[in-house]
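The lines below spell out each chain.
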Amino acid sequence: MTAVVRTRGLSRHYGDVTAVDDVSIEFEQNRIHGLLGRNGAGKTTLMSLLTGQEFASAGTIEVFGQSPVENADVLSHVSFIRESQRYPEDFQVRHVLATAPRFLPHWDQEFADRLVEEFRLPVKRRIKKLSRGQLSAVGVIVGLAGRAPLTFFDEPYLGLDAVARQLFYDRLLEDYSEHPRTIVLSTHLIDEVANLLEHVVVIDDGRIIVDEDAETLRGSATTVVGPRTAVDAFVGTREVLGREGIGGLASVTVAGLDADERRDAAAAGLELAPVSLQQLVVRLTGTSEKEFEKSA
Amino acid sequence: MTTATLTPSTPRLSRRLGDIVRLHLANPMTVIVVPLLVLTAMFAVMIAIALMIVIGTGDSSAAASFSKGFQYSGTSFYIFVYMMVVAVQAMNATFAYALGLGVTRRDYYLGSAVTWVLFSVAWSILFLVLGAIEQATRGWGMNVRMFTAIYYGEEPVGRAVIVFCAFLFFFFAGTAAAAVFVRWKALGVTVMLVGLAFVLVGLGFIVTLTANWPAVGAWFVASGPLGVALWSLVLTALLAVAGWALLRRATPRG
Chain A
265 MTAVVRTRGL
275 SRHYGDVTAV
285 DDVSIEFEQN
295 RIHGLLGRNG
305 AGKTTLMSLL
315 TGQEFASAGT
325 IEVFGQSPVE
335 NADVLSHVSF
345 IRESQRYPED
355 FQVRHVLATA
365 PRFLPHWDQE
375 FADRLVEEFR
385 LPVKRRIKKL
395 SRGQLSAVGV
405 IVGLAGRAPL
415 TFFDEPYLGL
425 DAVARQLFYD
435 RLLEDYSEHP
445 RTIVLSTHLI
455 DEVANLLEHV
465 VVIDDGRIIV
475 DEDAETLRGS
485 ATTVVGPRTA
495 VDAFVGTREV
505 LGREGIGGLA
515 SVTVAGLDAD
525 ERRDAAAAGL
535 ELAPVSLQQL
545 VVRLTGTSEK
555 EFEKSA
Chain B
994 MTTATLTPST
1004 PRLSRRLGDI
1014 VRLHLANPMT
1024 VIVVPLLVLT
1034 AMFAVMIAIA
1044 LMIVIGTGDS
1054 SAAASFSKGF
1064 QYSGTSFYIF
1074 VYMMVVAVQA
1084 MNATFAYALG
1094 LGVTRRDYYL
1104 GSAVTWVLFS
1114 VAWSILFLVL
1124 GAIEQATRGW
1134 GMNVRMFTAI
1144 YYGEEPVGRA
1154 VIVFCAFLFF
1164 FFAGTAAAAV
1174 FVRWKALGVT
1184 VMLVGLAFVL
1194 VGLGFIVTLT
1204 ANWPAVGAWF
1214 VASGPLGVAL
1224 WSLVLTALLA
1234 VAGWALLRRA
1244 TPRG
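Chains as they are written, first to last, in the numbering used here: chain A, 265 to 560; chain B, 994 to 1247.
Hints were generated in silico from the structure; no laboratory data involved. Every residue gets a Cβ at the ideal spot worked out from N, C-alpha and C, and that includes glycine. Take these hints with a grain of salt, some might be off.
[To be verified] Cβ-Cβ distance ranges computed for the label pairs, FRET-style:
#1 B:1206 to A:390: 37 to 43 Å
#2 A:348 to B:1189: 28 to 34 Å
#3 A:388 to B:1221: 42 to 48 Å
#4 A:444 to B:1026: 40 to 46 Å
#5 B:1073 to A:288: 50 to 56 Å
#6 A:423 to B:1150: 36 to 42 Å
#7 A:388 to B:1230: 25 to 31 Å
#8 B:1148 to A:330: 50 to 56 Å
#9 B:1182 to A:462: 44 to 50 Å
#10 B:1221 to A:382: 43 to 49 Å
#11 A:382 to B:1228: 31 to 37 Å
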């Protein structure tokens, strides 16, 4: 295993506000990482710190083994198009496509041209006049065609329609398998990207609350559904991540079950349902699912 | 876990700075075309005024009597001030973008500085050529003096140095202002301008209270336009250093 990113005790304060709080994580090379969390959880600040755009208040950061701050060797291998990325105001899309390759040494022009066509991006339109979705498409194209060894996507598909989002996932996976690189995808549309992710980091209120292999995480919780009394009897003293109920029925999410426990549950006439990554994150960040979706 | 190392080598510094220059030039509309249009418009106004006088007096030789007036023309001054606007616009527009593409602040600042020095050279050459034409045509046939106004001195080499120093000064004043804007937005610029006004008025007071205005005037006369221009390089260098001091801690905001 090779770490591309490594932080120790990383914090960033703005006055009284702690945007990133004592974060120690590692991002492994050539994997797709999900950086998940609610709005304002600290996702963008953390990525800004990792790319040397923000300055840490405390702790250390290593990217490719060195501090990224003002380090041209490191930063020429990194791209971070933020969700609210500012482009030069007088630029047209074509100006972005002409200037970005100079700073991204791994840029593939053919790939970029193909993406422009597929996303139906008007290259002669001024950036200011683009719709939110088209603006996101510009960031997606720069991020994908740039092929930076460490690529950050910050909410890359705001405003993109379902077709365009699918296109992004497809192209990302295709290109990633041909040109492996380290990708960090920050989002709150968790279910849509769940299958892409190999590693999941959940940040809440500036703190890392999950740092886990996606596969492990998926098996880490189960929802038990059935008559309230039977469910309560089965759950007993297990750790409960969430509980819902209607009338005599209860639905309780508990930490992972082994094969024996699953058999016991079936014998008690209970139904077991897998917990989606989104549900899990919602449970862990202590929000009702409705509220979470509203914030998305 | 072991640590990943970097495979392809980083481009050389000269190449990285060249890329910043090209970034500023990527869309020449704001940094080149509009300033040239401003210059053209001002030139047209000068010519129109001269024509009015010629037509009004009905005598083109009468123009000689007002050429004295034209030599104090400050029209070209606006072009210098406009370069401040160009530097502020260009740097405010590209800073966050460049950092998103993985450019260091240091490369960005040095590359921008190289851009402004190159722009100063190009504009000085344009001024000299137009000044030569102005002299050769006796002020565009009407004793108009725009590029050979009295502030630039009478002799071409001196004029070249003065014009170049003036462009440098305004580009780097713009760079410092841009750094303030990038870091603290409009509020920062407002505070800076108010602060600057206080400092200038304060200096004025000191000079007045110590009754040193004649000395100040004498210094300007003794230094001459060329001397003042060369002294401005000190101020320009200070502005360049201040711009870097401010920008090196700036962060791109959404």
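Which numbered hints fail: Hint check: 1, 6, 7, 10 and 11 fail, others pass.
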